[in-house]
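> Each chain is listed here by its residues.
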Amino acid sequence: DTAVSQTPKYLVTQMGNDKSIKCEQNLGHDTMYWYKQDSKKFLKIMFSYNNKELIINETVPNRFSPKSPDKAHLNLHINSLELGDSAVYFCASSQDRGFTSGNTIYFGEGSWLTVV
Amino acid sequence: DAKTTQPTSMDCAEGRAANLPCNHSTISGNEYVYWYRQIHSQGPQYIIHGLKNNETNEMASLIITEDRKSSTLILPHATLRDTAVYYCIVRALKAAGNKLTFGGGTRVLVKP
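Line order of the protein sequences matches chains A and B.
The first sequence lines up with residues 11 to 126 when you count with the numbering used here.
The second sequence lines up with residues 14 to 125 when you count with the numbering used here.
No lab work stands behind these hints, which were simulated from the structure alone.
Remember, it's a predicted structure, so these values are computed and weren't measured experimentally.
There may be inaccurate statements among the hints.
Reference listing, derived: stretches of chain B covered by chain A, where coverage requires no fewer than 3 residues with Cβ under 8 Å from a Cβ of chain A [claimed, not checked]:
(1) 54 to 60
(2) 113 to 125
With a straight-line Cα cutoff of 25 Å, these simulated BS3-like cross-link-like pairs (lysine-lysine) come out [unchecked claim]:
(3) B:K16 - A:K50
(4) A:K54 - B:K16
(5) A:K32 - A:K19
(6) A:K51 - B:K124
Quick reminder that beta carbons are idealized off the backbone N, C-alpha and C, glycines included.
Make the full structure from the sequences, and use the hints.
Here it is in structure tokens:
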């Protein structure tokens, strides 16, 4: 019963291809995120969606397009893949309670993307 | 969100308490201290968080100084499975658009 699940776990693809990573959470949360962890191991937020609405977009190239068909899903589509896109992509979710403290973010296990 | 400073790495003996320090001297009154860890090849895992008071849960204890400029995460009886990168994050909660900003963290190696 994985709370935040991502597929695929591993993806190797050629430059120029278009690929998608899917994410689903069964926690009933209303907010979902995509984070990127590069080769230097720094974790950086890319996007955040609240109730299917884009809330955070951290200057990510237009080639990255998140799509949230419903509150439980946030998929990441990447066009024209580049070598620099190789990284681990983590999906996450939380229940956005605003100013209250119970806003814990739960992460998936990651999707390892390698562009060759 | 305020910036945090953590040691790059530390070793700990199995079965002993691990004390992980974090400096957040520019923390604001409405900012919480969160701790996450990332075990190799896994996603970040929530450990604990607090605002002013010390907190304890089944995983760890969080000690926040009275001036809130620093805190210590305590793993009471470290096991080999606690080997991970530990992130101290200071975070203000907003009406919307809440996020975590990760720094470099402390690489903790628990040794037998």
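> Determine for every hint whether it applies to the structure shown.
Okay, the hints, checked on the actual structure:
no.	hint	result
1	54 to 60	holds (count 6)
2	113 to 125	holds (count 4)
3	B:K16 - A:K50	holds (19 Å)
4	A:K54 - B:K16	holds (14 Å)
5	A:K32 - A:K19	holds (10 Å)
6	A:K51 - B:K124	holds (23 Å)
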